[in-house]
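Enquirer: Residue-level listing of the chains:
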Amino acid sequence: MSERIIEFRDALREAMTQEMHRDPRVFLLGEEVAQYDGAYKVSRGMLEEFGPRRVIDTPISESGFAGMAIGAAMLGLRPIVEFMSWSFSLVAADPILNNAPKMLYMSGGQFGCPIVIRGNDGAGGQLGSTHSWCVEGMFSNVPGLKMAIPAFPDDAKGMLATAIRDDDPVFFLESERLLAMKGHVPEGDHYVPFGQAVVRRPGTDVTLVSFGRPVHFCLDAAEELAKEGISCEVIDGRTIRPLDIDTIVQSVRKTNGCVVVDQSWSFGSPGSEVAAQVHAHCFDDLDNHVMRVHSADVPSPYAANLEQEFLPNARRIAEAVRSALYVA
Amino acid sequence: MSSVTDPAPPVTSGGQPLAERTSATPKQLHEWLRQMLLIREFEVRTMQAYQDKKIGGFCHIYIGQEAVAVGCIAAVQHADPVVTAYRDHGHALARGMDPKYCMAEMFGRIGGCAKGKGGSMHMFDKPNNFFGGHGIVGAQTPLGTGLAFAKKYQDEVIDGGVNKHVTLCFLGDGALNQGGFYEAMNLASLFDIPVIFVVENNGYSMGTSIERGTSMSHRIIAKGEGCGLTGYEIDGMDVVNVYEEMKKVADIARAESRPAMVDLRTYRFKGHSMSDPRKYRTRDEEQHWETGDPITRLRDAMIEGGLIDEDGFKALNKDQKIAVREAITWAENSPEPDPSELHTDVYVEKFGPYTGTSQPQIVTDAEESR
Ligand SMILES: Cc1ncc(C[n+]2csc(CCOP(=O)(O)OP(=O)(O)O)c2C)c(N)n1
Ligand SMILES: [Mg+2]
Numbered sequence: 025m026s027e028r029i030i031e032f033r034d035a036l037r038e039a040m041t042q043e044m045h046r047d048p049r050v051f052l053l054g055e056e057v058a059q060y061d062g063a064y065k066v067s068r069g070m071l072e073e074f075g076p077r078r079v080i081d082t083p084i085s086e087s088g089f090a091g092m093a094i095g096a097a098m099l100g101l102r103p104i105v106e107f108m109s110w111s112f113s114l115v116a117a118d119p120i121l122n123n124a125p126k127m128l129y130m131s132g133g134q135f136g137c138p139i140v141i142r143g144n145d146g147a148g149g150q151l152g153s154t155h156s157w158c159v160e161g162m163f164s165n166v167p168g169l170k171m172a173i174p175a176f177p178d179d180a181k182g183m184l185a186t187a188i189r190d191d192d193p194v195f196f197l198e199s200e201r202l203l204a205m206k207g208h209v210p211e212g213d214h215y216v217p218f219g220q221a222v223v224r225r226p227g228t229d230v231t232l233v234s235f236g237r238p239v240h241f242c243l244d245a246a247e248e249l250a251k252e253g254i255s256c257e258v259i260d261g262r263t264i265r266p267l268d269i270d271t272i273v274q275s276v277r278k279t280n281g282c283v284v285v286d287q288s289w290s291f292g293s294p295g296s297e298v299a300a301q302v303h304a305h306c307f308d309d310l311d312n313h314v315m316r317v318h319s320a321d322v323p324s325p326y327a328a329n330l331e332q333e334f335l336p337n338a339r340r341i342a343e344a345v346r347s348a349l350y351v352a
Numbered sequence: 004m005s006s007v008t009d010p011a012p013p014v015t016s017g018g019q020p021l022a023e024r025t026s027a028t029p030k031q032l033h034e035w036l037r038q039m040l041l042i043r044e045f046e047v048r049t050m051q052a053y054q055d056k057k058i059g060g061f062c063h064i065y066i067g068q069e070a071v072a073v074g075c076i077a078a079v080q081h082a083d084p085v086v087t088a089y090r091d092h093g094h095a096l097a098r099g100m101d102p103k104y105c106m107a108e109m110f111g112r113i114g115g116c117a118k119g120k121g122g123s124m125h126m127f128d129k130p131n132n133f134f135g136g137h138g139i140v141g142a143q144t145p146l147g148t149g150l151a152f153a154k155k156y157q158d159e160v161i162d163g164g165v166n167k168h169v170t171l172c173f174l175g176d177g178a179l180n181q182g183g184f185y186e187a188m189n190l191a192s193l194f195d196i197p198v199i200f201v202v203e204n205n206g207y208s209m210g211t212s213i214e215r216g217t218s219m220s221h222r223i224i225a226k227g228e229g230c231g232l233t234g235y236e237i238d239g240m241d242v243v244n245v246y247e248e249m250k251k252v253a254d255i256a257r258a259e260s261r262p263a264m265v266d267l268r269t270y271r272f273k274g275h276s277m278s279d280p281r282k283y284r285t286r287d288e289e290q291h292w293e294t295g296d297p298i299t300r301l302r303d304a305m306i307e308g309g310l311i312d313e314d315g316f317k318a319l320n321k322d323q324k325i326a327v328r329e330a331i332t333w334a335e336n337s338p339e340p341d342p343s344e345l346h347t348d349v350y351v352e353k354f355g356p357y358t359g360t361s362q363p364q365i366v367t368d369a370e371e372s373r
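So the sequences go chain by chain: A and B.
If you're matching positions, the first sequence starts at 25 in the working numbering and goes up one per residue.
If you're matching positions, the second sequence starts at 4 in the working numbering and goes up one per residue.
Straight-line Cα separation of at most 30 Å, DSS-like style, residue types lysine-lysine; simulated pairs:
| no. | chain 1 | residue 1 | chain 2 | residue 2 |
| --- | --- | --- | --- | --- |
| 1 | A | Lys65 | B | Lys56 |
| 2 | A | Lys206 | B | Lys56 |
| 3 | B | Lys324 | B | Lys129 |
| 4 | B | Lys273 | A | Lys65 |
| 5 | A | Lys206 | B | Lys282 |
Hints in this document: simulated from the structure, not taken from any laboratory.
Pulled out of the complex, with its shape left as it was, chain B reads as follows (with noise of 0.2 Å):
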């Protein structure tokens, strides 16, 4: 029997040609390829824009889980929730946020997603049903139950059908210690909430590595089956495969109406935040991790099916470089939020002190564009 601090076992993927192994289309392919060329440049100048100052706070980067929120948010619809944790410009990125929107909010301009009063931590986007960018480590467990219950409840109790949707909720392996969690799991199983609890499982949180920090963490699904919800193992290095299984996975959640726990297997490439000299882990284990390098991955995957080519790679990249190089140029450019910013938004209503509320730019725009 393993102790309950052993290491957990790998998950692993891949292997065989893609055309064996996904129902991919090529368009399908491409597009996830695209949307982790996008991650991977936008975290890129990110870092240099915090550098240079332009961005402040906490800053925390995604680069080597772009596979998990891609594939993931590709197994869903549209319609589908997402609410993720601090780690969130991928998610945002991957639920169809304009760069722009995302950076000019780190930059704590007017333009931001949020008019500059979020930061990196707290990103939200209505028009595509991206509920957060939440900064307390676990606060966005319970509120993923609360979305799928108010999915579910206008399905079944306003419209009178079946539920028809499935939400996602990102957590990080740090938030498993976080008893809020443990209460949302329960609440999900007793009231059948189809809430998918997906665990980006990068073995650390902060410096804490996942064995010194959590009880049972080579079999973290247990703690969701202590709740009754079916867990799943899987590879998060490789987007095809985790499209795969969360498909599956988010397909019997919604037809069945029940929640899920997934421990998606993945490493962050870059330190806990922009102020981390990692010296709790190994340049081996680093390295290790960087030969699964996910755009790789699917990049090799790709051209070994005769889905792309070199220069078609390039291209593409290249594209991606550009829209990151526009989104800076964006945020640069929008104002500072006015100094009566600072009253708006605290109450929907005006009294006292307190202007009201109104869209951000990122909402106007949807708007004018439907």
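So here's chain A without its partners, still in its complex pose (with noise of 0.2 Å):
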């Protein structure tokens, strides 16, 4: 492992620069991506280094700069957009789910979308209901884009470089609330395979999947369940589309139990798809159904109370896994 320590923030920032460096078709674009250094400064001195035919500032303009973006994708360059928040997406609703996931399919293979769209995502920040999207449920919906979601600095550099690299649509989701985390990031390349899912923590009594954040909540609940003497597996789904479902299928036969942990609403969500699958796969091995641990079902709350509430805390974690396991 690396000894170098970095925080999320600059691993993000390390697999866009060396991409940029490696291929000129790559540039990035978005609100106060380059003067500014980033809203949240992932992009700090990226304009210095590239310079503003590179990095672009964009006016706040959703639909149109995604939408262009995927238009330059159309003839063969790299774009990456970042949204300041995957809630501002909304108003880019179009272009980013109509036109480019479908546009291999539309045009009979003749033209791909090889672009990245990132920003952050989740709630936690008590920002309200309008800037506290978790998109992964309505977004993973749709054929044709990949989602990636890293828990980790040294997965934020090594799944962006492979995004980045990816000749398909990725949606690149980042928490806010991760990025000032430290950890090894290895310096030069580093990619990491998409469609990999990996053991946080191993254990013998139940299968905790989550993806992006909430990982960290299901490690905190493992902590504090151990001490109960109860042994969870923690796994890091690390991408939604495409989904590792064998890692998670060989890890629930061994412990018999399965909790998902998804910080996107229930109805129709990844949540549900691993829930569903593992049921498909693993009947016979299941001591339990597959129990669920979600974004309260409402929009989400301003107050600190109500937010800590609704979010998939490792308080609600353990209840779930208690509950898997029949311990009162």
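The task is to assemble the complex, starting from two chains supplied on their own in separate frames and drawing on the hints.
Expert: Structure, rendered in structure tokens:
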């Protein structure tokens, strides 16, 4: 493992700069990405390094600049679009959902769309209903796109580099809550292949499956439950599309229990998809049905106490695990 | 010919004595001064509370722009709808929201105007015809068209009369770049809907100056003209001027049932939000605008016109400080929302985990006092 420790946000930047040095077709555009160094300082210094032709400040015109980037991708460029927040992608819903993921199919294979769309996703900053979207539920529904959601700094770099090299559109979901997190990140080339989940904590009694920031909630819950003698295996899915169901199934066959933790709403979500697939593959292995912990099925509230209760927090996860194991 | 990225020429007003440039009564002038002082003090205390972590999330301060909300809202009737973006405390207060509900909302308490569910960016006040507080840039612009549509529909289709209302829809200069705004203007023009799009042109959207983000920034009303809206350029740092000019705009929009677009030149004295170091603009520029402080301008003009003296001003300011202090105490004493509030207000009807809806205190209090 690399000895160097950097922040999650710096790991993201390293992936972008590394790929921009390697491939002149790669460029970055979005609100405040250049002169302001990015609203969350992910692109700090990139304007200086690459100049205004490749690090482009846009107006608050998400539909316009996302569509523009998709057009550019049709002609072979490889744009990275930063949405300050995925919450703002909703005003660009048509280009990112109706154009990017369907272009290859609609053109019968003539025009692909090698674009990366990235930005902050998820609740937790008391930003209220308009600014706290977890888009993984809504957008993972769409075939033709890939969805990556790193939970650790080394994955932030390795997965973003892979996303930029990918020939298909990648929706890359970052949590603002994790940007200051520090970790070992390899210098130089580092690619994490899509569709490969990892076991973050081995265990024997139950499998916890999660994506992105809630992986940390799972690790917290596992720590608590260990004190009660319950051993949790925690799986970080890393990409939602493609979904590495094999790693999950392997683990559930061992533990005979499964709790899926997903910060999007429960109805038609990655959580419900994982549960359905586990039920299909592990029907005879399960001691209980798959349990799910999601954000509460309500718009995200502002008040601190309500928002805490809204999130799939460690307490709610531990409750679900106990219930899955028939522990009162 | 100027280029599409030239800075806008300045629009200025004032100079002459108050009596010569306004029909406003001394009582009205006092009220505007009071409102601006209230907003200023409210925002100063809001910044402190944010630093003390009593307020969370994103918080956008209105200091410097007080004359816009106060002057525009004074120029319309109380029954005329008002809607704005996320920099909304000033509009809420100018519309008549008691500061205690506004502060409690930011404290995330049950006494907040939205029971603590909305936060700083999402203020709502039904009794005062204030329709939010909208966090997504430009989101309020089609809503503004819709509010004006509904008022006209009530006046004409339901009541069988003629349109009697006008809607104020505030937006930042950054919202000029949202596609939805053009659709909102086109619809308003097409259907003769009396909505006034008031662009609070403070020259910046976050760290992007208007010249860097908006084509035709030297003459943004051209964007409205493209849809057939009459455009007006107004100095937004002088509340008397804002009122006089906006009164004309509103009277025309109401009488002719037509939309309009206003470029109100103003400046936010603080950062974009609480976490903005303001490296994109110079201290010189900030000082230039600060010398045109809308509160000082009105105070000086009123002193010159013999409408207030130093002591009177101090007393008025002190009253606002007391009002805001009381609002903070009230907010602090208001309880956190009960966890069961997570599942209220999702649907009007009760079903499953959803427990229906109920009026917040801001509404029940208003009903009681009626
Ligand atoms: C659709 C959308 N994109 C981006 C943002 C993030 N954002 C919030 S405020 C803002 C700047 C808006 O500037 P302006 O409209 O001029 O209003 P001001 O802040 O000056 O009052 C941005 C980019 C958002 N809230 N909504
Ligand atoms: Mg602005």
